[in-house]
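Protein chains in written order, with our numbering: chain A, 1 to 335; chain B, 1 to 335; chain C, 1 to 335; chain D, 1 to 335.
There could be a bad hint or two in this list.
Identical chains share a label here; the pair holds if one copy fits it or two copies do between them.
Stated by the list, open to error - Simulated crosslink set (PhoX-like; lysine-lysine; CA at most 25 Å straight-line): (1) LYS303 - LYS145; (2) LYS50 - LYS61; (3) LYS50 - LYS6; (4) LYS6 - LYS61; (5) LYS226 - LYS84.
Rather than coming from a laboratory, the hints here were simulated on the basis of the structure. The structure displayed is predicted, hence computed values, not measured ones.
4 protein chains.
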Amino acid sequence: MIVVMKPGASQRQIDHIIERVEQLGLRSHVIVGTERTVIAALGEKRDGAKQALETGEGVEKVVPILAPFKMASTEVKQQRTEVKANGLSVGGKRIGVIAGPCSVESREQILEIAEIVREAGATGLRGGAFKPRTSPYSFQGMKEKGLQLLAEARAKTGLSIVTEVMAPEHIKMVAGYADVLQVGARNMQNYPLLEAVGESNLPVLLKRGPSATMEEFLLAAEYILKQGNTQVMLCERGIRTFEDHTRFTLPLATVPFLHQTTHLPVVPSHGTGKASLVATMARAAIAAGADGLMVEVHPDPEKALSDGFQALTPPAFRQMMAECRQIAAAVGRDL
Amino acid sequence: MIVVMKPGASQRQIDHIIERVEQLGLRSHVIVGTERTVIAALGEKRDGAKQALETGEGVEKVVPILAPFKMASTEVKQQRTEVKANGLSVGGKRIGVIAGPCSVESREQILEIAEIVREAGATGLRGGAFKPRTSPYSFQGMKEKGLQLLAEARAKTGLSIVTEVMAPEHIKMVAGYADVLQVGARNMQNYPLLEAVGESNLPVLLKRGPSATMEEFLLAAEYILKQGNTQVMLCERGIRTFEDHTRFTLPLATVPFLHQTTHLPVVPSHGTGKASLVATMARAAIAAGADGLMVEVHPDPEKALSDGFQALTPPAFRQMMAECRQIAAAVGRDL
Amino acid sequence: MIVVMKPGASQRQIDHIIERVEQLGLRSHVIVGTERTVIAALGEKRDGAKQALETGEGVEKVVPILAPFKMASTEVKQQRTEVKANGLSVGGKRIGVIAGPCSVESREQILEIAEIVREAGATGLRGGAFKPRTSPYSFQGMKEKGLQLLAEARAKTGLSIVTEVMAPEHIKMVAGYADVLQVGARNMQNYPLLEAVGESNLPVLLKRGPSATMEEFLLAAEYILKQGNTQVMLCERGIRTFEDHTRFTLPLATVPFLHQTTHLPVVPSHGTGKASLVATMARAAIAAGADGLMVEVHPDPEKALSDGFQALTPPAFRQMMAECRQIAAAVGRDL
Amino acid sequence: MIVVMKPGASQRQIDHIIERVEQLGLRSHVIVGTERTVIAALGEKRDGAKQALETGEGVEKVVPILAPFKMASTEVKQQRTEVKANGLSVGGKRIGVIAGPCSVESREQILEIAEIVREAGATGLRGGAFKPRTSPYSFQGMKEKGLQLLAEARAKTGLSIVTEVMAPEHIKMVAGYADVLQVGARNMQNYPLLEAVGESNLPVLLKRGPSATMEEFLLAAEYILKQGNTQVMLCERGIRTFEDHTRFTLPLATVPFLHQTTHLPVVPSHGTGKASLVATMARAAIAAGADGLMVEVHPDPEKALSDGFQALTPPAFRQMMAECRQIAAAVGRDL
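If we strip away everything but chain A, and leave its shape as in the complex, we get (with noise of 0.2 Å):
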């Protein structure tokens, strides 16, 4: 940690900086430069160290060297995490396509959605029994009688299920129907549904949040690692910015990034929210090395109860998937 001094300050105020420092069981090292002294603060990074230093008289800032995951870090583990759930395997080789519905709506809806997307070369359905949804008057999901018809699609298709998680008391019951647990981007920063994900033991897929820096998303992932459960991957469903022309910006340049910062792997979904951008994204997601992919497919999306919008229809899913596995082959994956 550095902590840089404001220009005139006073040898009290280093010399009480210098204390503090030690105080937190670090090394300090003086730099004198020709305009501000410099502090460096060496040692086993100490969290609560910056905002205790920076709070200082004196103190301008406090720049921190070490990024504040660990389990989460390329430091800390350099071979990639492959997560596997049934047929399902994303940051292998194997590109995984997770498909299906927003929600699932009755028996036919989601054994017909399965159907497709496997057909099609999907490994995971999604669809959604607990449904987050911003206005207390939209369709919540169809609870436990959705992850039963899950579960049914499953045993005739043999694809994983991912579905989402909205409560620590519901992981129980989830976990009895599902392959993967989802948390969703409104959840992405609720505690106490990362440590609970965390002691199940189903792999976990978890969406950034419209506001979070990598930073944040990552701590995100390293409460769920925390608790053991290294099966995590890490969903771009995108990030609230001035434009208005999608519902949200996607920035594919977190897939090469977390690449370089994290062993996770990175699934990126439709984040764009508009059906006729949601092929060209996947198309360029898995150009930027995407491990998986996200994506709504419905067979009515105007009747469908949640988001039909960004929901592709089944030829418009097997285009997609077809022009996926050429760019899947020209960076040397399968799909």
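Knowing the structure of chain A, use the given hints to seat chains B, C and D on it.
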């Protein structure tokens, strides 16, 4: 709702949308313009109608006319809501000030701060016992022990206790000690939690999420109101933008905007995250019409276990209160 | 245009708006809904009508139906525009790659880089002679001497020269040496400059401003088109968001979105501002359908006089080109 | 400057950076930490050094210690700058109010408004004669005729004229009529224009660009100061964020932040872009310490040729002034 068809939409596509509008229980009204056809869908607002229509073939966009929230709206209730929690009152002529440390750290600390803020004119005491922290390695709060200390501080000072609740299963415990349940910014869209605080009979302080629009913020409040709990305060704590000289950008125009849109009281906080800016922004907030204020106070910020960088020292808090009192008088309020 | 009246708007207010609509040369069409009255204003789009109406008493909002740009729109011209500047062609089957240093620094530097990028398959040579720099203390470019060196590089390699013009009074000079005039992101809304490049007879590469919406970007292009210059390339170079792990957030969904909205070709650049991410994002851009690419190449990035941190070394550029060629083939393009 | 090496950086890489630091004329100082090596580069700040170093092999990041602006900084000049332009004075005890229409539209309009704002207490008259407009189809201003009308209004009222200049070649003409040259937000990084207004001997009102950081804003001011023109006012007019209930987000914390960072006076404007919010935010701005205010006034906003939606009517302006006077008194200022 206004459905705008693409230029060149076919009559068949137009007819299909008219049919869909009617299937959704709405009346359709077609307007043929010089370059496009527009279909108005009239009737009671129906959630899901917008997205059902916007996935239709030949549709360019769907423009909603009505706000999606109801109970929070000034259209439904014009009389301003005044939230009362023992001595703390927010939404009337008197501005309620909620002050205290980020976290409860010890008996001495919380009792000392409680006395200081009460003397300076605060009527609410804040202090975290359950702390949502970005890093799993940070101090997570004293939990129930912290709540007991808050209750002790109340007994000595008469201040109302405002403290965060992070999970539905903690509400009963927290409600046993607190006067106001705080829902943190990270949990603004944690719907099970919103519903649970809605079912409690305590007032709620709901913090705006860092990327929440006004519509999302008011729909989050609607989740609480819908459970029958009408005592909701809206806390503007700043948004995530590209600005890097503050922790969050504090957009004070939300204060007058919310006053036009909702009857719920508005309480800005120390959103800039920099102690050197907090007092000035508190003055600005009151000039903008704030119904309350939330700020952090710590007797020794550099030894605070969390967020010391944004805490005022006792003298700084006293000065802030004196200045705010002047501004309150200038806008016809008391403090 | 749709004028939405406030709930409770009086008949007098409604009548006034109807009168205003007609004064503006539009036809009015009133729709009385269950909670609000809406007035459609039909006819040729009239600039200024929106804001004239939205200041009316009793008006809640005005929703425009038509896009404000015309000549840039696929509604007006459906055939895709192919921009040609000597050997560089952008917008056809072949993807045009524009590569070179941030700044022209010396005769040796620019001739060496020109040779390298030509061999690797680029058809355009970039290089700044007039450099807009955030700090007045930074290197500002070699000015006309730099242009002469670019022209010499063209003579030796046949590459088309793409270089920035910062002021109308420089256009004549720059046009004496360059094949394409670049308008930088900082100048995207410098209207005298846009009009001046519109009056030149050289193709223009227009960079998106860091906070420009698609509508603003296309209206900036419209300024150029309106002067009779139809040879405009749109360069997506990234936007300003809260993300801090890249210099700009590169929102590649603009590529397919612009392909749906305008006939002008789209050329993403090295927007992440990090050399380690540039090649991967170039692949992704091509998968997203980019018509061209703009990247920086420098033989010794750490000695570059500007922006070395985002420049590829010659070997990295060659590898990027090889990878991009694979992706181009996968999407049916040449490179 | 602090150069942070990657974990595992080789001694050869470290030695290379030390050599580079010294080649750049700086002294190096190596600190070996538990996990990383850090190299401090000491000496006079050298532009370009940061980027030269951060492209070095084995370098993780380079952290600058000194702000890149000098003349704008309170480190260089501690005495606050007071800008004076005839009757308008900004930066002293008295708050200067600049009011008037978005555009000069006619002799009657500008003379009427000038009289109104003068009577209410404004000392500056704004009014655009050259108007940068997002759409090329919008009203672009009356040009020199508008300037003549502004000068006539000054002759009648004594108000100082503040008007925008869009291009260096117009400065001579505009300076013939105006008292203050305004540089618009779209031109904040139009460096030839900044240098040209820097060479004029008129005070400058520099508007913040919608995505400019504080550092970029102050460096833009530095371009003007560097030419010898010390009379610069900084106008905070709002930033582009995801918020959609205002035109721009007005981040008033820039007022106290700039007061800590620069000696130049700060003048917030009607940045929310909504007439119903302007007066409230003007009060908040003054409570935040604003040295001046810029607002739009129009006798008949719905007939304004530009931006009527954010203009106050004369009665609303008078009321705003009365309220602001109360707030000014509460913070020890006059208005």
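Verification of the hints:
1. LYS303 - LYS145: Answer is within: at 20 Å inside a copy they meet the 25 Å cutoff, but 52 Å across does not.
2. LYS50 - LYS61: Cα proximity of LYS50 and LYS61: in one copy and across copies (9 Å, 18 Å).
3. LYS50 - LYS6: For LYS50 and LYS6, both the intra-copy (16 Å) and inter-copy (20 Å) Cα distances are at most 25 Å.
4. LYS6 - LYS61: Answer is both; intra-copy 8 Å and inter-copy 22 Å each pass.
5. LYS226 - LYS84: within (19 Å within a copy, 41 Å between copies)
Figure legend: structure checked against the earlier numbered hints; every hint is met.
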